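Asker: Just need the whole structure built from these sequences, with the hints factored in.
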Amino acid sequence: MSDRYYLFSGCLIPARLPYIERAAKFVLDRLQIDYADLPAATCCIEPIGLRSLGPDTWLAVTARMLSMAERDGRGVISLCSGCHLSLKEADHALQDRGKRSATNGVLATMGRNLSGSVETRHFLEIVRAQGQKRIEELTKAPQGRLRLALHPGCHMIRPSTVLGIDERFSPRALVELARWIGAEVVSNPDWPACCGGGLSGTDDALSMAILNENLDRFKEAGANCILTPCPFCFVQYDLKQKGEGIPVLHLAELMALAFGAHPDEIGLRYHRMKLHI
Amino acid sequence: MQKAKVDPALDAALTLQDIRAELSRCIQCGQCTFVCPSGRYGGIRVREVMERALGSDLDLSTDQDIWKCTMCHSCSERCQSGADPVAVFTILRMLASLKGNRPQHLIEEAKLLWTTGMSFPRTGMTKKMRKELGLPEVEISAETLSELQRIIDRTQMGRACLE
Chain C
1 MSDRYYLFSG CLIPARLPYI ERAAKFVLDR LQIDYADLPA ATCCIEPIGL RSLGPDTWLA
61 VTARMLSMAE RDGRGVISLC SGCHLSLKEA DHALQDRGKR SATNGVLATM GRNLSGSVET
121 RHFLEIVRAQ GQKRIEELTK APQGRLRLAL HPGCHMIRPS TVLGIDERFS PRALVELARW
181 IGAEVVSNPD WPACCGGGLS GTDDALSMAI LNENLDRFKE AGANCILTPC PFCFVQYDLK
241 QKGEGIPVLH LAELMALAFG AHPDEIGLRY HRMKLHI
Chain D
278 MQKAKVDPAL DAALTLQDIR AELSRCIQCG QCTFVCPSGR YGGIRVREVM ERALGSDLDL
338 STDQDIWKCT MCHSCSERCQ SGADPVAVFT ILRMLASLKG NRPQHLIEEA KLLWTTGMSF
398 PRTGMTKKMR KELGLPEVEI SAETLSELQR IIDRTQMGRA CLE
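For the protein sequence lines, the chains are C and D, in the order given.
With the working numbering applied, the first sequence covers 1 to 277.
With the working numbering applied, the second sequence covers 278 to 440.
Simulated from the structure, these hints should not be mistaken for lab results.
Take these hints with a grain of salt, some might be off.
Below, in silico cross-link-like pairs of lysine-lysine (BS3-like), each with a Cα-Cα straight-line distance of 30 Å or less [to be verified]: (1) D/K408 - C/K240; (2) C/K240 - D/K405; (3) C/K274 - D/K408.
Where chain D lies over chain C, by a calculated footprint (3+ residues, C-beta under 8 Å) [to be verified]: (4) 37 to 48; (5) 55 to 65; (6) 159 to 168; (7) 191 to 200; (8) 227 to 236.
Predicted model only: the values in this text are computed from it and were never measured.
Idealized CB from N, CA, C, for every residue including glycine.
Answerer: The following block contains the structure:
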């Protein structure tokens, strides 16, 4: 792993969920990670909708951002599973010489170039790589009251051959992290389920049907909080649940709470589904 | 907006030939349909779309099924024969959008991307929350935006939806 990173927060988090950015920076500071915001960042050409309007647009836009990290000798940390998939899949696709050369042809018009591979990491990987001992040492406020339903989300896992973060069946990373900070896990999917977010705006009834299947399972398991490393899944659970609902935390928020952040400091008051702690 | 000038080299990297290779690997086993969260509730029927695409029995100027995929990658992950439905749908959607078949909200998203550099709008609430949390304002410089627009101009997105 690199010892210097750029933090790429994407669009959804900085614009609508800045409290997740606040929490992630709290955690990265506690972990003493050397990071700075990715300069001159734009949207990653999100992989659910925009990418299919221009797969070559996606390659050139992501290559432009990767080229800045490469130039400055840094890896990239993403807080969003969509952004992470965009950057990681692009880095993978650009190993193809034809695609790389075509993409660099576009970058050349702005004096940029991407020559090799850039280390791209999901926030979850950075935290997990610290290991159990270090996470336990940094945990000032064990989260024993939480009975977590884990929602890894599609793009932390799939395509597993490119992402390589976790097992495709019954993933372990969130289970380990939850246990290291003292929380109980009451539901972990064998096959990480979709939250339905990709159909929000295209077919809302279909999107809700998919979301509700997950919620029924979480309720049956007796969960009092949902944990996800993805802001799109977070939005589905925080904004689309009807009535009482189960509160949801992004992984950065859970880690920040465990490391001693005050709920106000990381803006938990902005959640629609309130976590009563 | 300016008329797009598609970079021929990039354009050539993505054609129907890419799909044909993937499609011909499909053995119609139906595993994709079995794991599809959308199909379970009446959305896209993955195996059928793969079959119809191979038989050129898919009208891309009107087909709505291709827009009902959540892009969860379950089908491609489970596929035993090396076909990659997600890659196929991505290209089918691109070809459909070139024929004017795409959801309106995606066009709005692309326009927002063009004008702001981001795919979610920054609002008064964004400013308020970031200030209260001690975070700097989100700034995208004119130079950054101009670089992004130059890329869009020279690639498919410019041709597909911003002409």
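Asker: Look at each hint and say if it fits the structure.
Answerer: Status of the hints after comparison with the structure:
1. D/K408 - C/K240: holds, 26 Å
2. C/K240 - D/K405: holds, 23 Å
3. C/K274 - D/K408: With Cα atoms ~21 Å apart, C/K274 and D/K408 stay inside 30 Å; holds.
4. 37 to 48: With 8 residues closer than 8 Å to chain D, the region 37 to 48 of chain C meets the three-residue bar; holds.
5. 55 to 65: holds (count 7)
6. 159 to 168: With 3 residues in contact (Cβ-Cβ under 8 Å with chain D), the coverage given for the region 159 to 168 of chain C holds.
7. 191 to 200: Contact hint for the region 191 to 200 of chain C vs chain D: holds, 7 residues under 8 Å.
8. 227 to 236: violated (count 0)
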